[in-house]
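Trainee: Go ahead and model the full structure; you've got the sequences and the hints to work with.
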Amino acid sequence: MLRDITLGQFFPGNSPLHRMDPRVKILWTLFYIILLFFVDSYWGFLLFGLFTLGVIAVSDIRPRVVFTGLRPLLYLLIFTALLNIFVSGGETVLFKFWIFKATKEGLYNAGMMALRLIFLVLGSSMLTFTTSPIVLTDGIEHLLAPFSRIGVPAHEIAMMMTIAIRFIPTILEETDKIMKAQTARGADFETGNILQRAKAMIPLLIPLFISAFRRADELAVAMECRCYHGGKGRTRLHVLKVTANDWKTLPAALVLCAGVVLTRVYL
Amino acid sequence: MILADHVSYTYTPGGVFEKQAVRDVQFTIEDGTFCGLIGHTGSGKTTLVQMLAGLVSPTEGQILIDGKNISDKKIRASMKGTVGLVFQYPEYQLFGETVLEDVMFGPKNLGLSEQEAAEKAKGALADVGISGEIWEKSPFELSGGQKRRVAIAGVLALSPKILILDEPTAGLDPAGRDEILDGIYTLHKREKITVILVSHSMEDMARYAERILVMDGGRLALDGKPEDVFVNKERLREMGLDVPEITRVVQGLRACGVPISEKIYTLEDAEQAIRQLWEG
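Top line first, the protein sequences correspond to chains A and B.
By the numbering used here, the letter at position 125 of the first sequence is numbered 125, and the numbering carries on one by one without gaps.
Counting from 1 along the second sequence, just add 1000 to a position and that's the residue number in the numbering used here.
For the record, the hints were derived by calculation from the structure and aren't laboratory data.
Don't be surprised by glycine CBs; every beta carbon is placed ideally from N, CA and C.
There may be inaccurate statements among the hints.
To be verified - Calculated pairs, BS3-like style, for lysine-lysine (alpha carbon to alpha carbon, straight line, at most 27 Å):
no., chain 1, residue 1, chain 2, residue 2
1, A, Lys177, B, Lys1074
2, B, Lys1080, A, Lys180
3, B, Lys1122, B, Lys1189
As the list claims (entries may be wrong) - Some chain B residues close to chain A (C-beta under 8 Å, calculated; not the full set):
no., residue
4, Gln1050
5, Leu1055
6, Lys1080
7, Pro1090
8, Gln1093
9, Leu1094
10, Phe1095
11, Gly1106
12, Asn1109
13, Ala1175
Mentor: And the structure:
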């Protein structure tokens, strides 16, 4: 059950999207998200939809996998849609319910907001689906590097992210093991009311925390033993390089940008 | 009695990472047997013992304990505590504020009162050689060997009829190892419980087990009394295992023409046989 988490997962592959420089990919993702907030019509979203489908097609990732990633979003979508329908205000009232009234404008806003959220998740998950966590943090470190002059600890942030990501599977495995061990001692994680279940977590959480601290300690010592002393003067095995493959994405981005501007001006 | 009936286990069936860990394993173990389970890393031992303890259900076949199928959730609930499983490095499951409290966790889960649970816990701690002055300490202050023994006591306190230990002595010094195994052996003799000991050490197998199951690539490769298993010297070596060290010494002596029995698997037997030869 713990192995079914897909959000933020990486799928290895060799598509043009996988081969892109992570820095370029991160910047384009940010650009995509910013652009998303400039869209103000359904025609603009249609354009975004076609563009996103194109990106998915190029990525070699099965569309089914991409869309199942939306599932955790469902409740948030319903909640924001309801909020928008009833709270937006507006002239044309569709129906009334107690103190709430649904308006045409509200319905329109709700649809826009839902689409915006969906594209937000789709776009950013294309980044994590096609970029291995290590490469991703490497890209983030590079992009943050200019800010280190004003005191942003770019290397430290990237190192912390790398370590955190590296230990996710380890900790999942450990959780599974401790859960089994306590089940073998008669613990019950599955039945009872919410209070009983919360209490049943104690024999799982305490050993888990203790081993996480122990692991952190051991890792720190191991890094120290290999003379780790931060990012200063550190060279790297894989040097990031912007290639022709990355430049090819520029026209696509420009087309999307121009399209959004056109929909804003003319529609 | 434990009956494994054509048991198989596949991880993530149908997926990209599909892996068959246990393949068509079949055996019965009579009550009160001290049974060894041995095999190379990745041979399916750990998956097999987790199935025997009812923690995972076989993807094919069934496991019957005293004739009852433990894949059934209700039956498993009614048999809580019948099979005790001590995991590898069990000290990582400790969580209690005091040693005694931690060991009481199991019996309390079986529905025993505070007092009964404390009785059970004290008995179990005594069995593993943890004396009274440590009972009120935090389990996290103890030494590695003591933690291990407290964790084993945590399972013994359930009074299991079948006790399974997955490499209980990994990473311990020789003295700590003997103490734990001798403790378990004494308990086995006294309470007549079934013990399944998973181990890499052929010496431990020769010393304690009445019967040895050898796993290889998910299959049950050999099954029998220690002397019958250790005869298959070549086969064991192919599987990345070996006969006990002393047996190799005896085989060397035989190769040099010393008339000593080839069925010698423990240091004590070897000593006796050599003395006999010496004294004529």
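Trainee: Are the hints correct? Go through all of them and say.
Mentor: Cross-check of the supplied hints:
1. A:Lys177 - B:Lys1074: Cα-Cα ~23 Å, so holds.
2. B:Lys1080 - A:Lys180: The hint holds at about 13 Å.
3. B:Lys1122 - B:Lys1189: Since the Cα atoms of B:Lys1122 and B:Lys1189 sit roughly 19 Å apart, the hinted pair holds (cutoff 27 Å).
4. Gln1050: 7 Å, holds
5. Leu1055: 5 Å, holds
6. Lys1080: 5 Å, holds
7. Pro1090: With a closest approach of 7 Å, the B:Pro1090 hint holds.
8. Gln1093: Where the cut-off is 8 Å and the nearest Cβ of chain A is about 4 Å from B:Gln1093, the hint holds.
9. Leu1094: 7 Å, holds
10. Phe1095: 4 Å, holds
11. Gly1106: Result: holds, 4 Å to nearest chain A Cβ.
12. Asn1109: 3 Å, holds
13. Ala1175: Since the shortest Cβ distance to chain A is 24 Å, the answer is violated.
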